[in-house]
Amino acid sequence: MKRLILALLLLLPLPGAAEEIVAGLSQSSVSITADYAGSEILIYGAVKREAPIAPGRGLRVIITVEGPRLPIVVRRKERSWGIWMNDDRLRPGPVPSFYAVASSAPLDVALLPEEDLRRAITLPRILRGEDNTAQPFLDAVERIGRAEGRYFVQENSIALTEETLFRTDVGLPSDLTEGNYTVRLFLTREGRVIDEVKRTIWVRKAGLERFLYEAAHQWPLLYGLASLMLAGLAGWGAAALFARLRW
Amino acid sequence: MQLYLPIAEVAVNAYALIGIGGLVGFLSGLFGVGGGFLITPLLFMIGVPPGVAVATGANQVVASSISGVLAQLKRKAVDFRMGAVLLAGGLIGSAIGIWVFARLTAIGQVDLFVQLAYVLFLGVVGAMMMQESLRALWRARRAGAAQIRRAHVHTWVHGMPLKMKFRASGLYISVIPPLTIGAFVGFLSAVMGVGGGFIMVPAMIYLLGMPTKVVIGTSLFQIIFTTAFTTVMHAVSSQSVDIMLALLLILGGVVGAQFGARFGVRLKAEQLRILLAGMVLLVCFKVALDLVLTPAELYSIAPMALP
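These protein sequences, in sequence, are chains A and B. When we follow this note's numbering, the leftmost residue of the first sequence carries the number 116, and every step to the right adds one. When we follow this note's numbering, the leftmost residue of the second sequence carries the number 94, and every step to the right adds one.
One chain only, chain B, in its complex shape:
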């Protein structure tokens, strides 16, 4: 069924949109990532202009994150306190990010910067996660049940001042690391146009030592606010949110997120991390390939904003 989108100004297949929403929602519920880094290229593939894809993708992520958080909430797997601290850092970071983005746009190299940032961060984060989780899986298989279970590993992070109790995560740590991580992710999401879940999730697991099960819900909780802010910003500044497109993506997304959350319960934490690492590395590889391979068309056309 073809449907004409009022803001994107293209006619697209309605079922394809529901399918894309469902796929991204599933991953969102499963891993606690917003899926912004997947939805933008997918929408672009079926002919939606990039500007509309980024803005409307953010709106869809709000819906699937809410759906995902509510599913996690029933399992008490959301650390609201940690989420709030991360969010506070995130707001500071995104304010800086928006400023940097404007400067890069003026120079005309935003695309390149975004692609390089993708390759760098996805590559590093994916490789680290893959290596760690494979090792954990291998160790678990070898040692069996005889292994000593520790809630988390103590690192230099735990020696900082301004300590705070995070009950849901079972942590008593300084607020400086979560604030810093939040700011860093907020900065990246403003510049790269993504929610930042794929950086936030590993950072929470490895840097803060939060249990994997709590990480997903907390990350989603934080993403709701970041992407809601982004959606309104885009709607006001560039009128690029397509509500018709959003509706179809959301229909697929909220259902997908429920299935993802349900499916995630059945997987072991290590398996979950391996899957996420694999997906992150795959996207990284694709973006890197685009940078290196000779493009079929060297020229590109972009609409110029009327002054």
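For reference, chain A alone in the conformation it holds in the complex:
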């Protein structure tokens, strides 16, 4: 892989002054099989430039990985008559099922607030309510997501070498939702985004998992009866086996 990056670098044309990102993923698809227990995606790349490196001006890389967005309901418990019951609720529209942010420097250094506002990069920006009543609910979505390991921020986790080569690992959890995961790579200088690149990771169930999932959704009655049959056979089988043991 290193050789590949080197080759890419040597092929770059030289004129001009802009800096661009060239990026790759260690795998562009994840198959969820029965023994799937999470996976690490290596995200790597290089800064392509047509002039010598401008000295002394902070060059940073920020990478985000976003899972498919799903509609949710957020409920808040309120105490009434001595017991806690669901009182208020919010339907914030689709929110990412997974969101990871990695950066080569602390985010407040690597990114100006107005750039975050424009491109929605950090978690609080992604989960921004329209008004003050919605915000506590969205804060809870972020808090719960972080506690469950579906949302995380890894500052300083990108290794940026010679202001040119960079790489980072992002761990996908074991309870993964099927769908397309969007990887966004941002190149910033003094907090301003100077280039943005998008990649996609396809996450799909495979093999037996795929078959069972399809069966449950396409032939639900048959699937339900098959579950019952399994239960009946197992129940009868155990009884017969233990009767034969005569213990």
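Keep in mind that a hint or two might mislead.
Derived coverage of chain A by chain B (criterion: at least 3 residues anywhere in the stretch with Cβ under 8 angstroms from a Cβ of chain B; other residues may be distant) [stated by the list, open to error]: (1) 289-303; (2) 326-336.
Chain B regions said to be covered by chain A (calculated; three or more residues, Cβ under 8 angstroms) [what the hints assert, rightly or not]: (3) 99-113; (4) 387-394.
Calculated from the structure, these hints are not laboratory results. Remember, predicted model here, so these are calculated numbers, not experimental data. Even glycine gets a Cβ: it sits at the ideal position worked out from N, Cα and C.
Using the hints provided, position chain B relative to the given structure of chain A.
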């Protein structure tokens, strides 16, 4: 060993699932309860979404109940006639229950209603059973063998019309009480998402006066059909039955049920009832605590069904 579940969409430890299945199966074989009120919170604890836990739990209960009934059948401890009458009542009750459940979902207070129902019924049933069985045990210890043995106590229940003979239970009573009990339990199981064994068993013992040994097999026989119906309903309406999860729970459950049935033979009827009462009260206490104590996280997230 981690295993990814296709419907629940989480990876869980396979041995933990077999263990949970075994524990619930054991209790099922021992007491004649389905164990739905235990399996749902246990699965939820290891990260299975509640919807999948309820539906798949029902499927597991089918298996362990079949295993348990077959074990009881060998001891001729199943009253099929009584089971059929209870089941007939149960179907009427669950039809009403499904309607009420839909209305409560529309209002958005299903969780609260279910929890309150748990506390109320588990509390009342558990306390009554505990008090009665402790007294029986105490009396037996005092009087020794000199006590007069009666098959059952005659109450107002025995004065009703439409009488029917239930040979296995040694009863000659009206069909109205079992039908009513069946309907009531069917209603509760549709609303609370449980088989209803923990209400059915005490009702059979105390209201119908059935002998404890017959009650377990008959209750399990009835539960098979209720939970089978529930499983198919869930599979068709919400696709939330996870067959992989069910398989592991069942593996543990059917074996556990055999051990439970075997272990139950060695216990006295009073001891059995005290244990069941203790367990019912424990679950009741836990649910009540959740309602009263300030939760660590006031907010909760639920996936919204796509229209």
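Consistency of the hints with the structure:
{"no.": "1", "hint": "289-303", "verdict": "holds (count 5)"}
{"no.": "2", "hint": "326-336", "verdict": "holds (count 6)"}
{"no.": "3", "hint": "99-113", "verdict": "holds (count 5)"}
{"no.": "4", "hint": "387-394", "verdict": "holds (count 7)"}
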